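*Asks:* Sequence:
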Amino acid sequence: MGKRFQGLSLRANNEQVKTHSMAAIGEMVGTAMFLFITNAPLDSQTIMMIATAFGLSLLVTAWMFYRITGGLFNPAITLALWLNGVLTTSRAFFLLIAQLLGGIIASALVLGLTPTGTFGIDIVNTTISDQVTQAQGALLEFLGTSVLVFAVLMLAVEKHRATYLAPVGIGLTLFVLHVFLVPWTGCSLNPARSLGPAAVAGKFPANHWIYWIAPLAGGIMSMIYHQILKALKYNSAVMDQDSDHEVSGLRPVHMRVFKFLRGDKDWEAQAPSERHGRKRYM
Numbered sequence: 008m009g010k011r012f013q014g015l016s017l018r019a020n021n022e023q024v025k026t027h028s029m030a031a032i033g034e035m036v037g038t039a040m041f042l043f044i045t046n047a048p049l050d051s052q053t054i055m056m057i058a059t060a061f062g063l064s065l066l067v068t069a070w071m072f073y074r075i076t077g078g079l080f081n082p083a084i085t086l087a088l089w090l091n092g093v094l095t096t097s098r099a100f101f102l103l104i105a106q107l108l109g110g111i112i113a114s115a116l117v118l119g120l121t122p123t124g125t126f127g128i129d130i131v132n133t134t135i136s137d138q139v140t141q142a143q144g145a146l147l148e149f150l151g152t153s154v155l156v157f158a159v160l161m162l163a164v165e166k167h168r169a170t171y172l173a174p175v176g177i178g179l180t181l182f183v184l185h186v187f188l189v190p191w192t193g194c195s196l197n198p199a200r201s202l203g204p205a206a207v208a209g210k211f212p213a214n215h216w217i218y219w220i221a222p223l224a225g226g227i228m229s230m231i232y233h234q235i236l237k238a239l240k241y242n243s244a245v246m247d248q249d250s251d252h253e254v255s256g257l258r259p260v261h262m263r264v265f266k267f268l269r270g271d272k273d274w275e276a277q278a279p280s281e282r283h284g285r286k287r288y289m
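Just so you know, the sequence shown maps onto residues 8 to 289 in the numbering used here.
By construction, these hints were calculated from the structure, which means they are not laboratory data. These numbers come from a predicted model, not from an experiment. Treat the hints with care, since some could be wrong.
Unchecked claim - With a cut-off of at most 35 Å between alpha-carbon atoms, the simulated DSBU-like pairs for lysine-lysine come out as follows:
(1) K237 x K25
(2) K266 x K240
(3) K240 x K166
(4) K166 x K25
What the hints assert, rightly or not - Distance windows between CB atoms, simulated:
(5) V264 x P190: 48 to 54 Å
(6) K166 x P212: 27 to 33 Å
(7) D137 x K166: 27 to 33 Å
(8) M29 x L63: 40 to 46 Å
(9) N242 x E22: 46 to 52 Å
(10) M29 x D273: 57 to 63 Å
Even glycine gets a Cβ: it sits at the ideal position worked out from N, Cα and C.
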């Protein structure tokens, strides 16, 4: 009997290693693909081109790997999902290592495949602008990552009818954040994104620590806010946003005003055809 249970335990452990390895490899390849596209040096380093490259790259790669690994590609997101109870400790660890390796692989590919060589890596190395202080840069990265991670939590982690479109919303979120943050911080929002170019070029800026502390703290902040919203049952605060039925069963406003002026106590009551099976929101 003991040998039988031992065999089952080994089989279960082997299965876990297999699934974790598959997810880690997928996450490493996905992160490398995502950052390879965005780290490639552009002819014109305009904010809009950078933002478009990052937004569309994340949209495409996250959609491709969504059913394999979840398409995280970011240690800050991995940390938030682990704290949220979405990922186990072992899975989070495997994904974290894979993402960091993916960032380095992406930068190495850029260095080896683009004619600009090391220069191409240097220009995508994230650093704080001279126009902002380190404190301002850290806060910008913190807030930007908070927005990105919150988008992931609400669009991908919270299941709804449009969950399959989560990569679109998350990619657009990253696009908007790049438009705003690129001039000031380079818009990392991702430790793997900053580690890759710095490690391959062998040049770690003095403020490199910001691109680790701020994104991870931003991910934790979004996780806390998300948990508060769930504790308060946020989905009961609005009418049926994810319903196939008409959102409101209330009468049109002119009818409510007329009934109010007439002195009816139920001036804001739902229309007769909507009273049954509908939730009323005050």
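*Asks:* Confirm or reject each hint.
*Replies:* Against the structure, the hints come out as follows:
The straight-line distance between the Cα atoms of K237 and K25 is roughly 33 Å, inside the 35 Å bound, and the hint therefore holds. Between K266 and K240, the direct Cα distance comes to roughly 33 Å. Compliance with the 35 Å bound is thereby established for this hinted pair. Straight-line distance between C-alpha atoms of K240 and K166 comes to about 14 Å, which keeps the hinted pair within the 35 Å bound. Our distance criterion of 35 Å between C-alpha atoms is met by K166 and K25, whose separation comes to about 26 Å.
Between V264 and P190 the C-beta distance comes to about 49 Å, which sits within the given range of 48 to 54 Å. Checked against the given bound of 27 to 33 Å, the beta carbons of K166 and P212, roughly 40 Å apart, lie outside it. Between D137 and K166 the CB atoms are about 45 Å apart, so this pair departs from the stated range of 27 to 33 Å. At roughly 26 Å, the beta carbons of M29 and L63 sit outside the given window of 40 to 46 Å.
Range check, N242 to E22: about 35 Å between beta-carbon atoms, so the 46 to 52 Å window is missed. The hint said 57 to 63 Å for the Cβ distance between M29 and D273, and at roughly 59 Å that hint holds.
Checked against the numbered hints listed earlier, the structure breaks hints 6, 7, 8, 9; every other hint is satisfied.
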